[in-house]
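J.: Please model the complete structure; the sequences and the hints are all you need to start from.
Line by line, the protein sequences give chains H and S.
Here our numbering is used: the first residue of the first sequence is 1, the next is one more, and so on.
Here our numbering is used: the first residue of the second sequence is 323, the next is one more, and so on.
Simulated from the structure, these hints should not be mistaken for lab results.
All values derive from a computational prediction rather than experimental measurement.
Yeah, the Cβ is synthetic: ideal placement off N, Cα and C, and Gly gets one too.
Honestly, I wouldn't trust all of these hints.
[As the list claims (entries may be wrong)] Covered, in the sense of this in silico footprint (three residues per stretch, anywhere, with C-beta under 8 Å from a C-beta of chain S), are these stretches of chain H:
| id | segment |
| --- | --- |
| 1 | 62 to 70 |
| 2 | 146 to 157 |
| 3 | 260 to 274 |
| 4 | 285 to 294 |
[Claimed, not checked] Computed list of chain S residues with no C-beta within reach of chain H, every gap over 10 Å:
| id | residue |
| --- | --- |
| 5 | 510 |
| 6 | 544 |
| 7 | 733 |
One letter stands for each residue in the lines below.
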Amino acid sequence: MKSAVTATIKNENGLLEKSKAKKGFKYYFRRDWQFYSLLLIPIAFVLVFKYASMFGLIIAFKNYRIADGFWGSEWVGLDVFKQLFSKPDFVRAIRNTLLLNILGLTCGFIMPIVLALLLNELKGVVFKRVNQTLLYMPHFVSWVIIGAIAYQLLGKGSGMINNLIDQLGGERIPFLQDDLHWLFSYIAIGVWQSMGWGSIIYLAAISGINPELYEAATVDGAGRLRKMWNVTLPSIRPTIVTLLILSLGGIMGGSFEHVFALANKATTEFTTTIPVLAFRWGIENGSFSRATALGLFQSVIGLILVLIADRIAKKLGEDGLL
Amino acid sequence: MKKTAKVSMVLVLLIGLLAACSKDSNEKKTDNPEPAQTTTTTDNQETTPDSKFADYSKGFEKAVTIKIPVYERAFEGWNVSDNYYTRWIQKEFGGKYNVKVDFVPISRGGEVTDYQQLLAAGNAPDIIYHYDMPQAMAYYSQNVMQPLNYEEVANYAPTYWNNLKAINEQYGVLDGKNTFVFASRPDYGNFAGIIRKDWVEKVGMKVEDLTSLEKFNEMLVKWKEAGLGTAGAGLTANIYNYAGAFRDYPVDPKENVIYSDIAVGEFTTKATERWLKNLSYQYHNGLIDPEFYLRKDGVSQKAEFVAGRTGTFGDYMASNMDLFEATKKNNPEAEFAYLPAVAGIPGGKDLPINSPYPFGMIMGINSATSDEARIAIWMYLEWMSQPDVLFFLQNGVEGENYTLDADGIPVKNDAFTGESALSKNNNKDYWCLVTEAPSYGSEEQTLKALKKFWTPPGYEQIVDDMLAAAAEAKAKRGTTHDPMFITPIAAVNEYKADLNNLFQELYLKIVMGPEDQFDKLYAAAKEQYLKAGYQEILDEKSKAYDAGQFIS
Numbered sequence: 001m002k003s004a005v006t007a008t009i010k011n012e013n014g015l016l017e018k019s020k021a022k023k024g025f026k027y028y029f030r031r032d033w034q035f036y037s038l039l040l041i042p043i044a045f046v047l048v049f050k051y052a053s054m055f056g057l058i059i060a061f062k063n064y065r066i067a068d069g070f071w072g073s074e075w076v077g078l079d080v081f082k083q084l085f086s087k088p089d090f091v092r093a094i095r096n097t098l099l100l101n102i103l104g105l106t107c108g109f110i111m112p113i114v115l116a117l118l119l120n121e122l123k124g125v126v127f128k129r130v131n132q133t134l135l136y137m138p139h140f141v142s143w144v145i146i147g148a149i150a151y152q153l154l155g156k157g158s159g160m161i162n163n164l165i166d167q168l169g170g171e172r173i174p175f176l177q178d179d180l181h182w183l184f185s186y187i188a189i190g191v192w193q194s195m196g197w198g199s200i201i202y203l204a205a206i207s208g209i210n211p212e213l214y215e216a217a218t219v220d221g222a223g224r225l226r227k228m229w230n231v232t233l234p235s236i237r238p239t240i241v242t243l244l245i246l247s248l249g250g251i252m253g254g255s256f257e258h259v260f261a262l263a264n265k266a267t268t269e270f271t272t273t274i275p276v277l278a279f280r281w282g283i284e285n286g287s288f289s290r291a292t293a294l295g296l297f298q299s300v301i302g303l304i305l306v307l308i309a310d311r312i313a314k315k316l317g318e319d320g321l322l
Numbered sequence: 323m324k325k326t327a328k329v330s331m332v333l334v335l336l337i338g339l340l341a342a343c344s345k346d347s348n349e350k351k352t353d354n355p356e357p358a359q360t361t362t363t364t365d366n367q368e369t370t371p372d373s374k375f376a377d378y379s380k381g382f383e384k385a386v387t388i389k390i391p392v393y394e395r396a397f398e399g400w401n402v403s404d405n406y407y408t409r410w411i412q413k414e415f416g417g418k419y420n421v422k423v424d425f426v427p428i429s430r431g432g433e434v435t436d437y438q439q440l441l442a443a444g445n446a447p448d449i450i451y452h453y454d455m456p457q458a459m460a461y462y463s464q465n466v467m468q469p470l471n472y473e474e475v476a477n478y479a480p481t482y483w484n485n486l487k488a489i490n491e492q493y494g495v496l497d498g499k500n501t502f503v504f505a506s507r508p509d510y511g512n513f514a515g516i517i518r519k520d521w522v523e524k525v526g527m528k529v530e531d532l533t534s535l536e537k538f539n540e541m542l543v544k545w546k547e548a549g550l551g552t553a554g555a556g557l558t559a560n561i562y563n564y565a566g567a568f569r570d571y572p573v574d575p576k577e578n579v580i581y582s583d584i585a586v587g588e589f590t591t592k593a594t595e596r597w598l599k600n601l602s603y604q605y606h607n608g609l610i611d612p613e614f615y616l617r618k619d620g621v622s623q624k625a626e627f628v629a630g631r632t633g634t635f636g637d638y639m640a641s642n643m644d645l646f647e648a649t650k651k652n653n654p655e656a657e658f659a660y661l662p663a664v665a666g667i668p669g670g671k672d673l674p675i676n677s678p679y680p681f682g683m684i685m686g687i688n689s690a691t692s693d694e695a696r697i698a699i700w701m702y703l704e705w706m707s708q709p710d711v712l713f714f715l716q717n718g719v720e721g722e723n724y725t726l727d728a729d730g731i732p733v734k735n736d737a738f739t740g741e742s743a744l745s746k747n748n749n750k751d752y753w754c755l756v757t758e759a760p761s762y763g764s765e766e767q768t769l770k771a772l773k774k775f776w777t778p779p780g781y782e783q784i785v786d787d788m789l790a791a792a793a794e795a796k797a798k799r800g801t802t803h804d805p806m807f808i809t810p811i812a813a814v815n816e817y818k819a820d821l822n823n824l825f826q827e828l829y830l831k832i833v834m835g836p837e838d839q840f841d842k843l844y845a846a847a848k849e850q851y852l853k854a855g856y857q858e859i860l861d862e863k864s865k866a867y868d869a870g871q872f873i874s
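T.: In structure tokens:
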């Protein structure tokens, strides 16, 4: 990256402008102010939606009432948290969140890598593109729609797949209407929805691998699988580690819609998760303080997990994030 | 150098942000005092000498925007916030008084959630409404409604006030503060239970035989044996009014008051146990829709009925309803009858019947609403209370939507699909701010007209039976109402969502769990429910009862 920058400087200014690495920000800003101004949009986005909204976290320490507003509501210290930790649903939500996310992460993290490796091996360009596009598609379908489709297909009473099973003389399977089946369907649908999209980044990383490595491997007599294992995978290892660290941050969170769209009231063993609870308390019940406290708790744990993962990655000799 | 540049850039952005925010909050703050001045000082508005209220009969000088909530019921092809009638309202009312009327869609199924979100975001409509008192009171206890001056209402909305003065004054005052105004509720209902008559007859019975829950279940067994289908059923959630039929009468007055709550299920009562037992029996014997817990709304239950999988369904009668035709399309042999309420009552016993409350929509004014907007709302209620306006909103354009018969009663043209077509429930979600049912002079006259609105051609018998049942109930009922607390119960607001969720989870577990473990499951569930907040609710209600803070 650095060498590329100095190369362009050389090309632009000739040999006279050698070793200008020590120029101040002012110089670069004046020269590239158009680029810097473009940067304002993402910075503003992050400030407004990621930082400014953090201000709202203060209501986790207040008895927030809509009418009193952020400032007017009374400070209550850690009362909201005490109340939160004493709720029976809280423990259950943590258990379920961890369970769903760890399972989801295990399956959902590996599948995109496998998929990227497989797609990479395809020779026919058209076939590859068509497949890639088809695999991305579910990512753009809203969970609400996926939920409805899932019940249309997998419902026990009148789902198409069950009707088929029934007609073939089999027993109807409660894909979504029995706790353990539900868990399996939840994970499978999640993987189906996200693997295509998740593979993009790996495909990009794979395309950046130096072809000489493959050539050298071929000369050494490596087959396709060997090359995959000894060239492709090690080359995308930094990408894998980075994404793994990032996804660990979400292990206490997870998608609200994913659970909500697939849940039904008779199969509730695994459906009370932290985001679902935050929705019920915050949106349905209007207990904004408690929901915020729950969200804050979740974020702090998420942050800690990311930091730990980052530390471990560094210990293992990877770059890490920070 | 680098650092300072970075820091200064961030600062510039932050200042810009803060400026934007504070501008907003300034606006909000000045919002209230400013219009207050307009009412006290004359501010170019003429005040009549004997009135302390400014005269806006010629319209507001500066345009005033009012945000009116409207239920979004997901009627196909119907845009609740922009249609022929909203434009007509804007033209007729808005144009006359220089008011911009914004309609804010509130989803019928998730209205509290919608309101909570809108309120928290500061975007809530100027009217905060609900059909049920406990929820209206919950809004009130969140401090999101402003106290009202009924004199002001009477001044700007004399017709409306005359119609509803007594009701507003009797029910609208909470903790000594004028809080709500109401729409009237003329005593007419059009909700009917429907049953597949052909199925009943196929198993050798008659609809008249269904004189108790036991008889009804007997018939369901026969339906099952004949391979016809099951009774329709749905998830019990959000609204808990199942218990009435399963109680022992007379009920202890205190128990009646503290357990009756539409928003929080009385999970621990004997009535609930009986209700659960019956459901469990029906479920395990295949008498009801086996996936009833997936039917969260009327639409999904209707789909089962239309497909011919279930044989009972409840719906609001309307001349343009498509229930019967749609069902016949799938099941050409289908015939329908009115399902009497007694078919759901164990032993077919006579239940004491409470009088309905005389009010429909319960409305408060958003505490963020400016004085001018509030006045504009009174003027809106006044305008809508005019018989010709109401008639137009309820019936549409003469010659297109309807023609007048000899008695001056509109005869609907249900085939009409032009621009001025009414919504599926005859635009009720617009005129529900002043009344729950149209009126056409005398009660007899009104009933005659309503009957026409409610009767799909060919189904006169169903409406006749429904009206006969209503008349019978009316004759039998006493002077008592469903009990209602007139002070907010804090524990209800605190635990409502958790208990609502827990109720659904627990009752399904019991109903769908093994029948022989019913008692064990129910005992454990009761304890869990009490611990999750229900005991606190009962204690608080008991205190409020002892303090006499209720009506019934």
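J.: State for each hint whether it applies.
T.: Going through the hints against the structure:
1. 62 to 70: holds (count 4)
2. 146 to 157: holds (count 4)
3. 260 to 274: holds (count 4)
4. 285 to 294: As far as the segment 285 to 294 of chain H goes, the hint holds, because 4 residues have Cβ atoms under 8 Å from chain S.
5. 510: Holds: least Cβ distance 33 Å, greater than 10 Å.
6. 544: With a cut-off of 10 Å, residue 544 of chain S remains clear of chain H, as the shortest Cβ separation is near 21 Å.
7. 733: Residue 733 of chain S is indeed farther than 10 Å from all Cβ atoms of chain H, at 40 Å.
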